[in-house]
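Protein chains in written order, with the working numbering: chain A, 1084 to 1169; chain B, -9 to 207.
It cannot be assumed that every hint is accurate.
[Stated by the list, open to error] Derived Cβ-Cβ restraints for the label pairs, each shown as a range: (1) B:F17 / A:E1148: 25 to 35 Å; (2) B:E69 / A:N1089: 52 to 62 Å; (3) B:E69 / A:K1151: 42 to 52 Å; (4) B:G(-1) / A:N1138: 26 to 36 Å; (5) A:G1140 / B:A106: 41 to 51 Å; (6) A:G1122 / B:P43: 40 to 50 Å; (7) B:V10 / A:G1120: 20 to 30 Å.
Source of the hints: derived by calculation from the structure; they are not laboratory data. Glycine is no exception: its CB is placed at the ideal position from the N, C-alpha and C atoms.
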Amino acid sequence: MENLINELKLKVIDALNLEGMTPQDIADDAPLFGEDGLGLDSIDVLELIVLLEKNYGIRLATPQEGKKVFQSMAVMADYVAANRTK
Amino acid sequence: MRTVNIPSGTSLADLYREHVGDYPKFFKMDTACKLGFLLAELLVKEDPDRFVPREDRAVLVFSRFGSLSDDRNFAASMEELASPALFVYTLPNTVTGEIAIRNKYAGETSAYVLEAFDPDQILNQICLAFQDRNTRSVLAAWVDCPSDQEWNAIGWLIELEDLLPPAEGHHCCHGHSGGGCCHHHDEEEGGGHHCCHHHDEEEGGGHHCHCKENKQE
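Chain A extracted, bound-state conformation (with noise of 0.2 Å):
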């Protein structure tokens, strides 16, 4: 889990050119959205939607879906190694 999480934070700072951010300035368990997490947006979370289907096969059908999986890189993770196709 350790090596999947840390994967999906090198995916998360490219696709979302999280510039000058590396896997160590994420904390597994911070939120992602709101002022006390990384402060992502309604645009991040189409894109992280994006990144699940592209790299893991995972389709989510909406984004109020994604907002649940999408709390923290560690939700994340236990979300994509329950569903994940490839």
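Since chain A is already given, all that's left is putting chain B on it; use the hints.
Showing chain B alone in chain A's frame:
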């Protein structure tokens, strides 16, 4: 009036780190928006009331190519999965929006796609913006970005006072109904000193600058 330009090939990331550094959304922007954003930063960074919300500064951006560079990137992304982050920049007026959001400007914002760089047309639009009585400053830019690697980017910050005459006033604005333009007059024209007068509340409430001959006694 202040003027800045960003030569083609400049590292926009380096320019951002040197002059801004506190706005990570910059890295999500397309190249045209990065250019417009940086031009604005360079023009207004010395403003004493930076980030105080204001409605009296208009933002006008002109180009030949609009958002074509990002349009191409978005079209390429559709070959696999369309990128939402690229999609949101597939409009020419996202440049003016990014500048207004960053600086808390709530005045006029306009984006124009021209056939070619046309100083007269640009000046005309700037003067038209000043005919709104709320507008006392215009941040204008030519952001021409056919690709992510090549561009022409120049920005101007014009205050209403710039269009009014200096002591020996040679600049003159004519307010035309349905259109406005600024003319520069030489001493020879009419033989006297020309000056412009700024009226706030008269004649429809806009900024009407009139040319008036002041013959020296």
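Results for each hint:
F17 of chain B and E1148 of chain A have their C-beta atoms about 27 Å apart, which keeps the hinted 25 to 35 Å range intact. Between E69 of chain B and N1089 of chain A the C-beta distance comes to about 29 Å, which lies outside the given range of 52 to 62 Å. Under the hint 42 to 52 Å, the C-beta atoms of E69 of chain B and K1151 of chain A, about 30 Å apart, miss the expected range. Against the hinted window of 26 to 36 Å, the Cβ-Cβ separation of G(-1) of chain B and N1138 of chain A comes to about 33 Å, which satisfies the hint.
A hinted range of 41 to 51 Å holds for the C-beta pair G1140 of chain A and A106 of chain B, which are about 48 Å apart. The given range of 40 to 50 Å is broken by G1122 of chain A and P43 of chain B, whose C-beta atoms sit roughly 21 Å from each other. Separated by about 22 Å at the C-beta atoms, V10 of chain B and G1120 of chain A satisfy the suggested range of 20 to 30 Å.
In summary, the structure is inconsistent with hints 2, 3, 6 from the numbered list given earlier, while agreeing with the others.
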